[in-house]
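First to last, the protein sequences are chains D and H. Mapped onto my numbering, the consecutive letters of the first sequence carry residue numbers 1 to 688. Mapped onto my numbering, the consecutive letters of the second sequence carry residue numbers 1 to 86.
Bear in mind the hints are in silico, worked out from the structure with no lab data behind them. One or more of the hints may lead you astray.
To be verified - Taking lysine to aspartate or glutamate pairs in the DMTMM-like style, the calculated list, with each CA pair at most 25 angstroms apart, reads:
(1) K20(D) to D75(H)
(2) K20(D) to D39(H)
(3) K297(D) to D265(D)
(4) K535(D) to E490(D)
(5) K60(H) to E30(D)
(6) K60(H) to D36(D)
(7) K77(H) to E18(D)
(8) K77(H) to D11(D)
(9) K20(D) to D6(D)
(10) K77(H) to D24(D)
(11) K77(H) to E30(D)
(12) K60(H) to D24(D)
(13) K247(D) to D199(D)
(14) K40(D) to D39(H)
(15) K104(D) to D166(D)
(16) K60(H) to E13(D)
(17) K669(D) to D574(D)
(18) K104(D) to E68(D)
(19) K60(H) to D6(D)
(20) K669(D) to D407(D)
(21) K40(D) to D11(D)
(22) K20(D) to D36(D)
(23) K60(H) to D11(D)
(24) K564(D) to E668(D)
(25) K104(D) to E129(D)
(26) K104(D) to D67(D)
(27) K40(D) to E36(H)
(28) K60(H) to E18(D)
(29) K669(D) to E583(D)
(30) K247(D) to D277(D)
(31) K40(D) to D50(H)
(32) K77(H) to E36(H)
(33) K425(D) to E479(D)
(34) K20(D) to D50(H)
(35) K564(D) to D589(D)
(36) K669(D) to E600(D)
(37) K104(D) to E127(D)
(38) K60(H) to D39(H)
(39) K77(H) to E13(D)
(40) K425(D) to E461(D)
Chain by chain, the residues:
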Amino acid sequence: MSHSSDRHTHDLERQLAEAKATIDALLSGEIDAVVDSESKTPVMLADAQHALRESEERYRRIVETADEGIAIVDAAGTVSFANRRLAELFGYRIAEIVGAPLLKFVPAGGEAIAARRLARSHEGISEEEEVVYRRRDGSELRTLLRTSPIRDADGQFVGTLGMLTDRTSYRVAEEALRKSEAQYRQIVEATSDGIVQLDDGHLVVFVNGRLAEMLGYDAGEMIGRDFLGFVSPAAQTTFMSALASRKRGGREPVETIYRHRDGTDVSVSVAGAAIFDGEGRFAGTLGLVRDVTERNKLQAQLMVSDRMASIGTLAAGVAHEINNPLAAVIANLDFIIESLSGIVHGTTASPAPARPASWLCGEIRGPIDDAREAARRMRFIVRDLKVFSHAPSDDVRAPVDVRALMDSSLRMAENEIRHRAHVVKQYGPVPPVDANEARIGQVFLNLLVNAAQALPAGHAERNRIIVRIRLAGDQVVIEVSDTGPGIPPEVVGRIFDAFFTTKPVGVGTGLGLAISHRIVTDMGGALTVESTVGKGTTFRVSLPVTPAAVVEAARPEEEATVEKVHGRILLVDDEPMLLRVLERVLALDHDVVSVGSASEAQSLLARGDTFDLILCDLMMPNMTGMELHAELSRTAPEQASRMIFLSGGAFTAAAQEFLADPSRERIEKPFDMLNLRATIQRHLQARA
Amino acid sequence: MRLRLYIAGNAPNSLHAIANLRAICETHFPASHELEIVDLLAHPQRGLVDGIIVTPTLLKVHPLPVQRMVGSLGDTKQVLLTLAGT
Chain D
1 MSHSSDRHTH
11 DLERQLAEAK
21 ATIDALLSGE
31 IDAVVDSESK
41 TPVMLADAQH
51 ALRESEERYR
61 RIVETADEGI
71 AIVDAAGTVS
81 FANRRLAELF
91 GYRIAEIVGA
101 PLLKFVPAGG
111 EAIAARRLAR
121 SHEGISEEEE
131 VVYRRRDGSE
141 LRTLLRTSPI
151 RDADGQFVGT
161 LGMLTDRTSY
171 RVAEEALRKS
181 EAQYRQIVEA
191 TSDGIVQLDD
201 GHLVVFVNGR
211 LAEMLGYDAG
221 EMIGRDFLGF
231 VSPAAQTTFM
241 SALASRKRGG
251 REPVETIYRH
261 RDGTDVSVSV
271 AGAAIFDGEG
281 RFAGTLGLVR
291 DVTERNKLQA
301 QLMVSDRMAS
311 IGTLAAGVAH
321 EINNPLAAVI
331 ANLDFIIESL
341 SGIVHGTTAS
351 PAPARPASWL
361 CGEIRGPIDD
371 AREAARRMRF
381 IVRDLKVFSH
391 APSDDVRAPV
401 DVRALMDSSL
411 RMAENEIRHR
421 AHVVKQYGPV
431 PPVDANEARI
441 GQVFLNLLVN
451 AAQALPAGHA
461 ERNRIIVRIR
471 LAGDQVVIEV
481 SDTGPGIPPE
491 VVGRIFDAFF
501 TTKPVGVGTG
511 LGLAISHRIV
521 TDMGGALTVE
531 STVGKGTTFR
541 VSLPVTPAAV
551 VEAARPEEEA
561 TVEKVHGRIL
571 LVDDEPMLLR
581 VLERVLALDH
591 DVVSVGSASE
601 AQSLLARGDT
611 FDLILCDLMM
621 PNMTGMELHA
631 ELSRTAPEQA
641 SRMIFLSGGA
651 FTAAAQEFLA
661 DPSRERIEKP
671 FDMLNLRATI
681 QRHLQARA
Chain H
1 MRLRLYIAGN
11 APNSLHAIAN
21 LRAICETHFP
31 ASHELEIVDL
41 LAHPQRGLVD
51 GIIVTPTLLK
61 VHPLPVQRMV
71 GSLGDTKQVL
81 LTLAGT
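Required output: the full structure, derived from the provided sequences and hints.
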């Protein structure tokens with residue numbers, strides 16, 4: 001028995017050792033499957049463990065990477081789990097949170113509320129509300145808390161799951177957004193530009209205060225209305241085509257006219273862009289509107305000051321131009337006077353008293369002709385000057401012969417050009433252009449002076465200024481080219497900008513080209529530039545040809561007078577020198593009465609004296625020729641109709657208006673005697 | 001020497017046990033062993049005879065006495081001692 005007992009013991013020991021080894025293997029995870037004691041089939045161990053592990057891992061990752069703070073509070077109110085985010089939010093380490101009572105993180109006074117919340121969870125209530133916690137540093141942590149009760153397999157309440165979203169950073173972001181919006185709103189409202197947003201059907205979505213003010217409305221009144229209603233009827237076509245261009249992505253500014261509530265026009269410059277929605281569909285337009293009424297006024301003023309500057313620049317040149325012929329006139333007249341007194345007093349040695357008549361013809365005729373030629377040159381210079389000195393309000397457009405005008409401009413700029421270049425003129429036959437002579441003259445002058453200033457002084461033989469005039473379709477093209485250093489490409493684009501200048505301070509105003517550009521554009525023409533560095537620059541003006549109907553037949557300068565008509569002429573001028581010479585010349589053919597003022601003429605005529613012609617100065621002190629005309633029109637209309645006005649330049653608006661009447665005859669000063677006689681003859685014959 | 005290894009399909013410990021056992025046999029008993037591998041998932045009733053309760057389990061069927069060992073058989077020294085019957 002002892003043997004069997006030994007064997008039994010040995011068996012038990014072996015089985016125990018095997019069981020122990022099996023448990024060890026189980027614990028060290030070396031077992032795959034266990035044979036179920038009832039079903040006698042293997043149950044995979046690893047599968048279950050692995051799946052559990054994976055599932056746990058998945059949840060752990062979610063919990064650890066969650067943007068929410070996650071905690072579990074047990075039934076006793078102790079935190080039994082906290083994720084990393086929660087620790088971050090609370091400002092503690094996880095180990096410091098887990099095991100601590102929840103109340104540790106509740107700010108003073110909030111304990112009762114927290115306890116009631118846990119109690120509701122115990123009752124099975126899930127909820128969501130804003131809750132404030134206290135961080136380790138004592139600061140407030142605003143959260144959005146969601147709670148849900150946790151129950152075990154038997155349905156027993158074991159704790160509460162809490163998920164916290166940080167509202168502090170939410171609020172900061174909200175606040176930042178609100179601030180940034182407020183900032184934009186401030187900018188939008190404070191800007192001096194009008195801002196408008198239109199939808200895809202040009203209804204107003206938004207206007208800022210400035211635009212509403214520009215148009216005389218409250219912003220609220222404009223919203224929802226068709227913007228076309230705020231556009232001047234004359235500009236609505238422009239508005240629609242600008243809108244169509246925006247839709248295609250166009251951003252170029254448009255000059256247009258809006259309509260103020262009171263019906264007046266508001267000149268504006270609008271920069272705009274299309275708005276596209278998230279899917280790239282056209283959703284409307286945004287416009288930045290600038291009131292340019294003031295700018296336009298300013299520009300007009302600048303144009304005048306530029307003209308004054310041009311004249312100032314040229315004054316020295318003009319003085320020089322006049323001085324030469326003037327010196328010739330004085331010297332020749334002095335010579336003639338000396339010679340004549342020599343004849344009379346016999347003080348000169350050479351001319352014998354025996355031959356005065358032939359000597360006069362032979363010797364004095366030369367100096368007299370020279371003096372007259374010199375005077376004639378001065379007349380041209382003065383006429384050129386008059387072209388440039390028209391009143392700034394003079395917007396009258398008339399057929400202009402650009403070739404004659406260019407010649408005038410060349411003479412004016414002669415002093416600037418002479419030392420720097422020789423001028424090559426290439427004029428083709430061109431019809432007149434429809435323009436304002438004074439302003440186009442200003443442009444020509446500007447281009448010529450610019451061309452000259454592009455060239456170094458002192459090498460006139462090497463450099464050229466080429467002036468070409470030709471016809472291209474219905475445009476007359478005027479080109480002014482120089483052989484200067486050219487304009488770098490980076491500068492060419494800005495050359496027509498106001499105040500842009502490459503000249504040293506004091507030499508140029510930086511306005512010349514900007515204003516020239518404006519003048520030419522205003523007249524329906526174009527001013528462009530082409531430049532090659534090292535070769536030179538060409539400015540090109542194109543101006544529309546005058547429509548054929550408007551071209552007046554040029555009046556013949558002189559008429560062949562077959563038969564001289566004798567007349568009775570009244571001369572009225574406040575300049576005694578002019579009065580004397582006119583009397584001297586006209587007395588040869590006519591009966592002449594001369595007076596030095598309009599009032600004298602008036603009293604003469606009031607006494608019933610009548611004349612075939614009245615030559616009257618336009619501008620006189622006390623009473624002007626215009627006033628005399630008005631007076632006569634009332635008292636002696638027949639005599640009023642016989643007035644011819646002598647004008648040295650219509651410098652006032654009233655004078656311009658007066659002479660614009662085609663029934664008013666005028667003779668421009670200075671005049672030559674041949675023309676004066678012809679004009680008088682023409683009038684006398686017409687009235688005979 | 002006749003050996004019988006009970007496994008459970010492709011479970012990791014079973015695969016380890018097969019690999020470990022083959023390596024030991026080829027190293028120490030290259031010409032004198034006979035190895036039978038029994039997949040309990042495919043033949044659950046086969047384990048009843050030998051009283052198998054977990055896999056992997058190695059049985060030395062011959063020569064007697066029968067010896068058994070559980071686990072992935074990673075400890076070569078322990079496997080050799082078991083097979084030697086000590």
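Just pull the numbers of the violated hints for me, sorted ascending. As far as the earlier hints go, not one is violated by this structure.
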